[in-house]
Amino acid sequence: MTAKQKTPTIIQHKSFPRFDLGQRWEHLLLILSGLVLLLTGLPQKYPSLAISQDILSTPEQVNLIRQVHHIAALVLTLELLYHLGRAIVLLVRRKLPGDMLPTWQDVLDAWQMLQYLLFLRKDKPRFGKYNFEQKVTYWFLFFGFGIMTFTGFIIWFPVQVTQVLPGGVVPAAKLAHSTESIVAAIFILVWHIYHVHFERLNLSMFTGRLSEEEMQAYHAKEYERLTGKKNQPGEKS
Amino acid sequence: MNETSGNPIFVVLLFALRCLVPLAILFGISYLLRKLGLVATPPPEPPDDADETEADLRQNEKES
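Residue numbers (our numbering), protein chains in the order written: chain W, 1 to 237; chain V, 1001 to 1064.
The following block holds chain W by itself, in its conformation from the complex (with noise of 0.2 Å):
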């Protein structure tokens, strides 16, 4: 190789770590039960509807839609039960990180982001490792999902439940049930989706890293918090 001949440039990008590969897989088995859950819950909740007709249009099928349905279930509420079981023994640890847990500095952030979309100021809030729109989903998802487990072995398991609690639980537990099924389904289409595919690809709960640049755009303080440095002046925020 003569002097003159430049060496190629290798261009590093840096990446931050953001969940790790038990986060990612439960996500992944969230998607998976959840999407199963829906599709066959969704004809037992409509049956007049002809898509549910032609789906539930013996009893066979009808038997076979419920056992799929109670398999996701299964799967759903031992995926649920690890994240719980997880949870408790990191606190009892005191390794339970608190970033998802809400605190007052989001209430101004998501004020203070109602005044940007109003044109009131100039630039976003910043945020830390998880901002306001990303709890909001955290923490309606856990509690949409406990009520939809819970009601759902009431279903399940009418005569057991009702020999302890009085009868009228099993209707109201079917009410609760399929209404909050299509309140979480509206949620994370309407939502989830539009935040994490369309103000941005987000990927990150897959590859389990956030770029440098994405980490200075939508989480600054917590990008701060782990290098030091300050976001230039211009960069988004």
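Careful, some of the hints might be misleading.
[To be verified] Under the rule of at most 30 Å between Cα atoms (straight-line distance), these lysine-lysine pairs were calculated in the DSSO-like manner:
id, chain 1, residue 1, chain 2, residue 2
1, W, K135, W, K124
2, V, K1035, W, K122
3, W, K95, W, K45
4, W, K230, V, K1035
5, W, K129, V, K1035
6, W, K174, V, K1035
7, W, K95, W, K14
8, W, K135, W, K14
9, W, K45, V, K1035
10, W, K229, V, K1035
11, W, K230, W, K14
[Claimed, not checked] Facing chain V, a subset of chain W residues (Cβ under 8 Å, in silico):
id, residue
12, L91
13, R94
14, L96
15, R126
16, G128
Honestly, the hints are just simulated from the structure, not real lab data. Every value quoted in this text rests on a predicted model; they were computed, and no experiment measured them. Backbone N, C-alpha and C fix where the C-beta goes; we use that ideal spot for every residue, glycine too.
Given chain W's structure and the hints, the job is docking chain V onto it.
Same frame as chain W, now just chain V:
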């Protein structure tokens, strides 16, 4: 009894409470966990690769 539940002000109040009460509980739990020191605050971590600027490289060359 039906008149009370049909009152729109009462319905709006119930709806607001239905949103605010769980939120207040969640904030309360969050506050207590932090106050009692039950959640961990992770220490700053460096990014996954070295952060060498041109100035650092020149300094290293001089030193060597």
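Cross-check of the supplied hints:
| no. | hint | verdict |
| --- | --- | --- |
| 1 | K135(W) x K124(W) | holds, 17 Å |
| 2 | K1035(V) x K122(W) | violated, 34 Å |
| 3 | K95(W) x K45(W) | violated, 42 Å |
| 4 | K230(W) x K1035(V) | holds, 29 Å |
| 5 | K129(W) x K1035(V) | holds, 20 Å |
| 6 | K174(W) x K1035(V) | violated, 39 Å |
| 7 | K95(W) x K14(W) | holds, 27 Å |
| 8 | K135(W) x K14(W) | holds, 25 Å |
| 9 | K45(W) x K1035(V) | violated, 44 Å |
| 10 | K229(W) x K1035(V) | holds, 29 Å |
| 11 | K230(W) x K14(W) | holds, 16 Å |
| 12 | L91 | holds, 6 Å |
| 13 | R94 | holds, 6 Å |
| 14 | L96 | holds, 5 Å |
| 15 | R126 | violated, 17 Å |
| 16 | G128 | violated, 11 Å |
In summary, the numbered hints that this structure violates are 2, 3, 6, 9, 15 and 16.
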